[in-house]
Each structure stands twice: as structure tokens, then as C-alpha cells.
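Turn these sequences into a full structure, and let the hints guide you.
Heads up: the sequence shown begins at 50 in our numbering, then just goes up one per residue.
Since the hints were made in silico from the structure, they are not lab data. Treat the hints with care, as some may be off.
[Said to hold, decoys possible] Between beta-carbon pairs, the in silico distance windows are:
#1 S108 / W140: 16 to 24 Å
#2 S108 / Q177: 32 to 40 Å
#3 H158 / D180: 33 to 41 Å
#4 R141 / T107: 21 to 29 Å
#5 A121 / L150: 31 to 39 Å
The beta carbon of each residue, even a glycine, is placed where N, CA and C say it ideally should be.
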Amino acid sequence: MPQGFLYLVAVMDWFSRYVLSWQVSNTLDVHFCLEALDAALQQGQPVIFNSDQGSQFTSCAFTGRLEQQGIAISQDGRGRAFDNIFVERLWRSVKYEEVYLKDYATAAHAIESLEAYFQFYNHQRLHQALDYRPPATVHFGSR
Numbered sequence: 050m051p052q053g054f055l056y057l058v059a060v061m062d063w064f065s066r067y068v069l070s071w072q073v074s075n076t077l078d079v080h081f082c083l084e085a086l087d088a089a090l091q092q093g094q095p096v097i098f099n100s101d102q103g104s105q106f107t108s109c110a111f112t113g114r115l116e117q118q119g120i121a122i123s124q125d126g127r128g129r130a131f132d133n134i135f136v137e138r139l140w141r142s143v144k145y146e147e148v149y150l151k152d153y154a155t156a157a158h159a160i161e162s163l164e165a166y167f168q169f170y171n172h173q174r175l176h177q178a179l180d181y182r183p184p185a186t187v188h189f190g191s192r
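This is the structure:
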């Protein structure tokens, strides 16, 4: 993108691989992560929230929000991508199926395109681990 970088955060249900929420920001502050967390919590409360050890996720604001909700905090070991393998796999899919194929002219274009991608990912993209079903089928069918 000619105007700089954008940062993407997503909250995923590990059981179904359904992306509950996502946000984009041009800074790595905690606020866009809290927005994604709050949007995900509107759909239900998990028992455990797993993340990496990024400063956004270790901040008092973020961990405090989880603790207020009674959600157990799980953080990956430093440099251990396999601890959060489902989200790491999501990032690979987002990069190779969306970001690397597009030449976003603006942040608004990136957000619009990512919105379409996450709709596809949740409702159409088949997952071998889900018996070749899309995440939405598993997520909403399991309730």
C-alpha cells in the first residue's frame, strides 16, 4: 500500500475456525484489539482467550478486559507460532488468498476487500479439518 502499513487483528473460534471479529489499524496500539475483542464477546464468551505475547495483548487494558469477563488468559511462548497454530494458519490464508494478490490503493480499499474475504472465509472456504465444510456451518451448526 503506498500510504504505509496496516495492522490486522482477528478473533477466531478455534473449534469451528470461524472468524468472530477483526479490525484494522494503522498503529499497533491496544484500541483496535479491544474493539475486535468487544465485537467477539457480543457473540458469546469463551472460557479461554489465547493470543501471542504482543504488547497489545499483554497490556493492562486488554488483560483487564478479559479478567473482568472471567475469561482465562492463555499466551503463547515467545517465538512459538505453533502454540497459536489456528490463527497462524488464518494469517497464511489471508496473505496468500487475499493480501498478496491485491494492490490496495487506500486503507478503505483494504478494509472493503478484507470484509469480502472474511465473508468468503467464514461462509464458503472449505477446511479439510472441518470435513470440507466452511467455518460458519460448523460454528452455527454446533449450537
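Check your understanding: If you check the beta carbons of H158 and D180, does the distance land in 33 to 41 Å?
Key -> For D180 against H158, whose Cβ atoms are near 35 Å apart, the range 33 to 41 Å holds.
Point to revise | Satisfaction of the hinted span 16 to 24 Å by the C-beta atoms belonging to S108 and W140 | key: 21 Å, holds
Exercise for review: Using the Cβ atoms, figure out if S108 sits within 32 to 40 Å of Q177.
Suggested key: 35 Å, holds
Review point. Taking the beta carbons of R141 and T107, is their distance inside 21 to 29 Å?
Key: 24 Å, holds
Review point. Between A121 and L150, does the beta-carbon spacing fit 31 to 39 Å?
Key: 37 Å, holds
The structure fails none of the hints (numbered hints given earlier).
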